[in-house]
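Chemist: In case you want the letters, here they are:
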Amino acid sequence: MNNQPSGLMLAGVSKRFGATHALIDGHLHLRPGEVHTLLGENGSGKSTLVKILGGVHRSDAGSITLDGVPVNSRSPRAAMDLGIAVVFQEVLTAGNQSVLENVWLGSHGMFRRRLGRAGQRSITRDVLSRIAGEVPLDLPAGQLSLSERQSICIARALVRRPKVLILDESTASLDVKSRDLLFVELRRLKAEGTAILFISHRMDEVEEISDRVTVLRSGRSVSTVDRSDLSIDRLITDMTGNSGHDQTRRLPHDPGDIILRGTALRLSPASAPIDFELRAGEVVGLAGLEGHGQDQFIKRLAGVAAGPGSVDRILPEGDKGLTERNGDDLGVAYLPRERRGESLFESMSIRENFALPTLAKDRRGGLLDTRNTARRFEAFAQSLSLRFGAGQDAISTLSGGNQQKVLLARWLATDPKVLLLNDPTRGVDIGTKREIYAILHRLSAEGMSVVILSSEIDELVELVDRVLVFRDQAVFAQIDHSNLSTESIVAAYFGQKSEVHT
Amino acid sequence: MNRVLPLFHRWPFAFALLLALVLLVLNLIVSPSFLSPARLPGTLATLAPFVLVGFASTPSILAGGIDISVGPLATFINCLFVAVLLPAGLGSWHLAAPIILVVAAGIGALNGVLVAVVRLHPVVATTGMLFLLVGLSLTIAQNPVAAPDNWTEVLAGGIGFVPGAFLSIGVAGLIWFALRRTAFVSNLLATGESDISAYGSGVNIKVIRILAYTLGGLFAGIAGLALTAIVQSSQSSLAATYALLGLAAAVLGGTSLAGGRGGLLGALFGAVAIYLLQQLLTASGVAPSLIQFAYGAVLVVGVVLGATLLAPRLKRNAT
Amino acid sequence: APDSSAGAAPAQVSPAAAGTCGSVPTDAANDPNGLLADFPEEIAEGYNLYPYEIRKSAWAGYKSPKEGGFTAAIVGMPPASPFIASMSEAIRTSLQDNGVKIVGDFAPDDPSNVPLQLQQFNEALSLKPDVIIYTAIAPQPSVGLAKAAHDAGIPLVAAQIPIDSEFAVSVTRNTPLAVAQVTAGTVGALGGKGTVLRVEGIPGIPASTFANMGIDAVLKNCPEIKVAGSVTGFFQPATAQVEVQKFLATNPAGVDGVLQAGTMGVGIRNAFEESGMEVPPIADDGSSHGFSSWALANPDYPFFGTTTPSVRTGEAVVDVALRILKGDGPKINQIVQPSVIVSRENLATMADRSWNHNDLTDLAGAPEDYLPIDRLNEFFTQSDK
Amino acid sequence: MTLPRTQSPKAPAARATAWARFRARTIEVPALQILVVVALAAWLVITMPAIANPRSITSILVITSLLALAAMGQTLVVILGGLDLAAPGYILFGAFMAANVAGKLAVPSVVALLITVVVCGGIGALIGWICHRLTVQPLVVTLGIGAAITGATLFLADGDYSSAPPDALRSLASLRGTTFGLPFPPIILIVFLCGVGMWLFLNRTAAGRRFYATGINFRAARLARIRTSAVWTIVFAASGALAGVAGTFIASFGSGWSQTIGEPYLFSGLAAVLVGGSIFGSIRGSYTRTLLGALILTLLSTIIVSNGLTEAQSRIVFGVIILTVVSLYGRERHVRNRF
Ligand SMILES: Nc1ncnc2c1ncn2[C@@H]1O[C@H](COP(=O)(O)OP(=O)(O)OP(=O)(O)O)[C@@H](O)[C@H]1O
Ligand SMILES: Nc1ncnc2c1ncn2[C@@H]1O[C@H](COP(=O)(O)OP(=O)(O)OP(=O)(O)O)[C@@H](O)[C@H]1O
Ligand SMILES: [Mg+2]
Ligand SMILES: [Mg+2]
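Chains as they are written, first to last, in the numbering used here: chain Z, 1 to 502; chain H, 1 to 319; chain B, 1 to 385; chain D, 1 to 339.
In case anyone wonders, no lab produced these hints; they're calculated from the structure.
For every residue, glycine included, the Cβ atom is placed at its ideal position computed from N, Cα and C.
Treat the hints with care, since some could be wrong.
Partial pick of chain Z residues on the chain H-facing surface, computed with a CB cut under 10 Å [unchecked claim]:
no., residue
1, Asn72
2, Pro76
3, Asp81
4, Gly83
5, Leu105
6, His108
7, Phe111
8, Arg113
9, Gly142
10, Cys153
11, Arg160
12, Pro308
13, Tyr437
14, Ala438
On the chain B side, residues computed to face chain D include the following (Cβ under 7 Å) [stated by the list, open to error]:
no., residue
15, Pro51
16, Asn212
17, Asp352
18, Trp355
19, Leu360
Okay, chain Z solo, but in the shape it has when bound:
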């Protein structure tokens, strides 16, 4: 026992999916009482590793031990029994079930309940209050915001008092406040000796919480770095295998004519009306804590949600009201937020997913010319440096970030004048993100206007001309380019207007 290191040891772990080598010879040592971050590009195998630890997949080769005991979980249940609790990448809640049921989901036996109702309630209330504030326990989980649902998933892992806690991009769905609460809780758990494996694409988070960082590249673990040696540049180099992505903050920019106008938009009956003008070539950011109206607002701009007020596209030949259907004709494209639920057609191929709104371009004599689709797709695949097997493979074979790129391509292919992006880089690795930023910069320079809702503050600072910060279903503050900083946005999130111009 003595010569066995404590904590979770992975040695030579590999996993293949058909022809895809998702994980090759993976090494990792997760010590008790540390926050160990796993970093890597989209599709580099992070979730695969997590799923192997979590009992979802079985590794093809290699060994895993927890405190010297081999881990060979055949199901999430088995992993759980070993003291490994995983918060998977998807937000996994059952919408009709109450918050309480959701938190304890899977903790019970097939028939036997592990704990009395009262005990469950008090523990749940306790845990949730530490990571999410007040959440009503008897409400159906489906009525909560995404961030709250993610908190439920995290609480589900915490109530099991795991030896090893794994968070796969859990912060991607959390709002800033909950994330900060989570970090406090993680530090506490760490002090109690819990081993924490943390995954995020957000460098600020990685810097803030990690004790050590392991980088995965194309399924291989390429390096493990201590906190003291941590540098973003080094990590990026490790992740991508080449250096040279330089950060470019957007320069101030002369906007063109007004091309989209929202008039007296009300996001809830009681809230203040919002007037909004978008100019050609402008990049506008939308920010706010989860559920404060920014999501509703971008949907109103896209015409996919209805409500009081009107959205008009300003065209040389006159104004046109935007509806759910006429977006393509008016050159307005909207990339929804929830990838699986709102964007993907999972059994369709990558190409078909890409081409869906632009099929008219491939029509020859009433029939589709699939070769033309393929040609158009190849062009986008190149410029977005998409990683994929073949265009006719199912889109579900792509990693989340690559799926996101296909979807971006889908909407760019409609030649939009106004591009509305609802959190487009959530779960996208930093290299890809930069590529996407570069594309958006270029396009806006060509005159395309972009409205981007982002839960990532750094992204806004880097990318946009001005930011609208939402609070209580209204625009609380508008921060222009010169005042744009992480601090100013966060301050506005929490209702402080000190250095904010309205």
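Starting from the structure of chain Z, add chains H, B and D with the ligands where the hints point.
Modeler: This is chains H, B and D with the ligands only, laid out in the frame that chain Z set:
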């Protein structure tokens, strides 16, 4: 209305309950003797197979699947009992009841295995099973066989003042009630609504699914006994009548075909509503073709009303 | 229209010697108590092959306390076939013509919905009519109902589908005998040897079971008739056609004859014609306008069919009901009448050349051929009509 | 839109081997079904050499065509992710129109067909629209509407099941019928053309793609600016109209109808779709598959009939075939692969 709607939201079966109550009143108006003690056991006995087939459809729907073979399973059990067990001298209740329930649950479990382990689409699996069961029923009881006097008559009549139907429906209800007190039903509902979530949280969804179909089979077995109680013969041709009835009862009772929402109470009220509707139309002397018409129309209106006006809308990203 | 004045007597279709192929077997009726001995020979012969036990009617000594102004409830079948539709209508009209008030008139929505019919029967009982006229979907569970009706003091008359109970008076044709007769004629026409195809009705319903009894009884004597195959036509000419065509596709040599459970003759005939084959002899129980007129147009075709006089069936049922109420005293519980056989001899008087060869209307025959009043009198102790 | 060509894509993470490609292809193309058809046909010919004559083949093809026609609408609905349980009702109505209206009342066949299409299509459209608009599951709505149509049709027919469709209709499905002088009935050509048309529609038109997309992910389809309400309305209308037309053909073929004429076609139609390998709400659903499924079932039941198996045994064989065939290629993904 503002006070009423939330009630409907809270209890998915409320609409079927209301419909059943209205129909009950109408029935009493048309045929005042409808609930008289003399008729009650007979009425309940013909109601019981409806309710039980509705029960039998419910667990699989809650588990996110569907079982369209419960009606044929009930008729198969009827044929098995009358054409095989009774002639073989296995007809006494302490022999027949366990055999029948085990066979029925076993067939249900087979459905469950096909869905959960072989991973067939539930419609495919249970359609295949439907063909099998109809074929088996015809094989063991090609022609109707009259049953000699046997214990199932109790289910059609009664014990003392207790109508026999309370027994058959009651047993099924009790099983469910007992399960509700365990973690099983929570696990079942979560699996039905989002199997990914349940699986990722450590629920053994395979076993849950198999158990759900097993439970459906068990209820269908009880339905087969209740059916035998009234027809007292083997009736292989009844499969068609019951094939989709249970589904209609369950859905009318507010059980969502998307899984994870509903329960036996809904199937009970749904079945009662359908039964009372037939009874009402019959008692008011409507042409048989119009009985079918009205049954269809009420089903549609009920489901549409139940699913729209009254069901809660889950708000995504609620403010 | 058919000339109904002639051909009242059933045609002699079974010239073959008893016990040989092509003869109608003369199995004794199921009459353990010798009740049929009191009846004239020709009536007793009509019970040949009839499966249900002949019992003394439980209503033999019954007389309604009322003198007139009777009420009746009808529990019938849905009008899924022309026969049922027209018989039900005849029952209704006849009741009204005799001043009987119909207090309840029920039928389930589907011809297989047994539970609903049972439910409806209970509803009918609760109306306390003076008599219930009942066409059962499933005769077995009806045995209990008949008892319940008797306990309630309500006579039950079973129309068309007999009930095996002394508490009900069944008025029906002898289906096994009818099918045996046409089957015998058909295999006789084959000379007692050859291959035949069997077309079943709806497996599991009484009509099918009875038909099989009749066919089996005849084939027992036919060692040289080979059953080449069997398909299920569900009593529907359309379905029968599809199934027979499938059979013929794999048996291009065809068969020498077809034995069917009833009413599917036109479909079977069409299957042969469509397959480009000569139409073999088809036992046509429950014949139709279409088949009989086609047979008329093909004089060389050996035709054996039966008529089903729906209107008269309905009238006879009502007649029996009224006699019971008036205290005439039915002697036995099964009032059975052999069907009228249609063959070459009487075909011309029954069928009409002008009918469409695909017309599925039942060949009704002459009303007086079926349970005429003087014959009905024999079944009652007091028949002073 | 022009985008800069950045560096060439990094080495594809998923370079599928030839074998994986091949497997994917065999799942995409209904290869197994074709194999089963060939095997069954071979078996028939070997055990019953006499069957290899034009008339028998025509007969099998006509029966297949009727089944395929009845299952055509169901295929569309299955691709959309639902089930149309109203099919028996539509078929009954179509048969009623053929026999009682075109046959007995001597309404011209074209008019009768047109009425069938309008009535069944209209009812279907209503179902589609309601289910879409009010987001209710079509399963029970179609079940109810099916019962209502059946009831209404029987009410209209008033117990008259004795008429036969007119010769004009009967010649379309009659084995003795000819098509442009060729010795097979028009229905075979009609169903074949339907097959070609459906293939073109599903695989080679934008509308077909949008239709698939709606079935696969309804919410995403809306956000991709597909008029999902129109898709639903049209698909259910087509399902109704096609089943109605199938009903007229079925009655014409069998020269008559009855109350239960549609019922066998509900489950065997569904069986044809499933055995063909169409999957609910997936790109893997097509009419070609249904045609193959119908052919498999017809060949199978021909074998059953010719071997003298009973109705009971044929049901059992059907059940076993559905279960085995679908478990060979139609299995759902494991949860772990849907994460
Ligand atoms: N079930 C599966 N079947 C086939 N391929 C899979 C499966 N799961 C993952 N893959 C593939 O394995 C590779 C690694 O995927 P994984 O989800 O581990 O990436 P990741 O590092 O989590 O990426 P992201 O940051 O986008 O979440 C990808 O190429 C992905 O397409
Ligand atoms: N607004 C929302 N409402 C409900 N569920 C949502 C919403 N947004 C996201 N989800 C759910 O949360 C899941 C996680 O979404 P997310 O976009 O973070 O994907 P991801 O798995 O992190 O992507 P990647 O694999 O690229 O890292 C989604 O698949 C979706 O099911
Ligand atoms: Mg991942
Ligand atoms: Mg991600």
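Chemist: For every hint, state whether the structure bears it out.
Modeler: Evaluated hints:
1. Hint status for Asn72 (chain Z): violated, given a least beta-carbon distance of 16 Å to chain H, over 10 Å.
2. Because the closest C-beta pair between Pro76 (chain Z) and chain H is about 5 Å apart, less than 10 Å, the hint holds.
3. Taking 10 Å as the C-beta contact cut-off toward chain H, the hint placing Asp81 (chain Z) at the interface holds, the least distance being around 8 Å.
4. For the restraint placing Gly83 (chain Z) at the interface with chain H, the shortest Cβ-Cβ distance is roughly 12 Å, beyond the 10 Å limit, so the hint is violated.
5. Of the supplied interface hints, the one on Leu105 (chain Z) holds, with its beta-carbon coming within about 4 Å of a beta-carbon of chain H, less than 10 Å.
6. The interface hint given for His108 (chain Z) holds, since its Cβ lies 4 Å from the closest Cβ of chain H, which is under the 10 Å cut-off.
7. Hint status for Phe111 (chain Z) relative to chain H: holds, with the closest Cβ pair at about 4 Å, below 10 Å.
8. The closest approach between the C-beta of Arg113 (chain Z) and any C-beta of chain H is roughly 5 Å, which is under the 10 Å cut-off, so the hint is satisfied.
9. Annotation: interface hint on Gly142 (chain Z) holds; nearest CB of chain H at approximately 4 Å, less than 10 Å.
10. Interface hint at Cys153 (chain Z): satisfied, since its Cβ lies 8 Å from the closest Cβ of chain H, which is below the 10 Å cut-off.
11. A distance limit of 10 Å between C-beta atoms decides the matter here; for Arg160 (chain Z) the minimum to chain H is near 9 Å, and the interface restraint holds.
12. With its C-beta approaching chain H no nearer than about 15 Å, Pro308 (chain Z) sits outside the 10 Å limit, and its interface hint is violated.
13. With a least beta-carbon distance of about 26 Å to chain H, the hint placing Tyr437 (chain Z) at the interface is violated under the 10 Å criterion.
14. Checking Ala438 (chain Z) against chain H by beta carbon gives a least distance of about 30 Å; that is not within 10 Å, so the hint is violated.
15. For Pro51 (chain B), the interface hint is violated, since its Cβ never comes within 7 Å of a Cβ in chain D; the closest pair sits about 22 Å apart.
16. Annotation: Asn212 (chain B) was flagged as interfacial toward chain D, and the flag is violated, the nearest CB pair being 12 Å apart, outside 7 Å.
17. For the restraint placing Asp352 (chain B) at the interface with chain D, the shortest Cβ-Cβ distance is roughly 14 Å, beyond the 7 Å limit, so the hint is violated.
18. The restraint placing Trp355 (chain B) at the interface with chain D is violated, with a minimum CB-CB distance near 10 Å, outside the 7 Å limit.
19. Hint status for Leu360 (chain B) relative to chain D: holds, with the closest Cβ pair at about 4 Å, below 7 Å.
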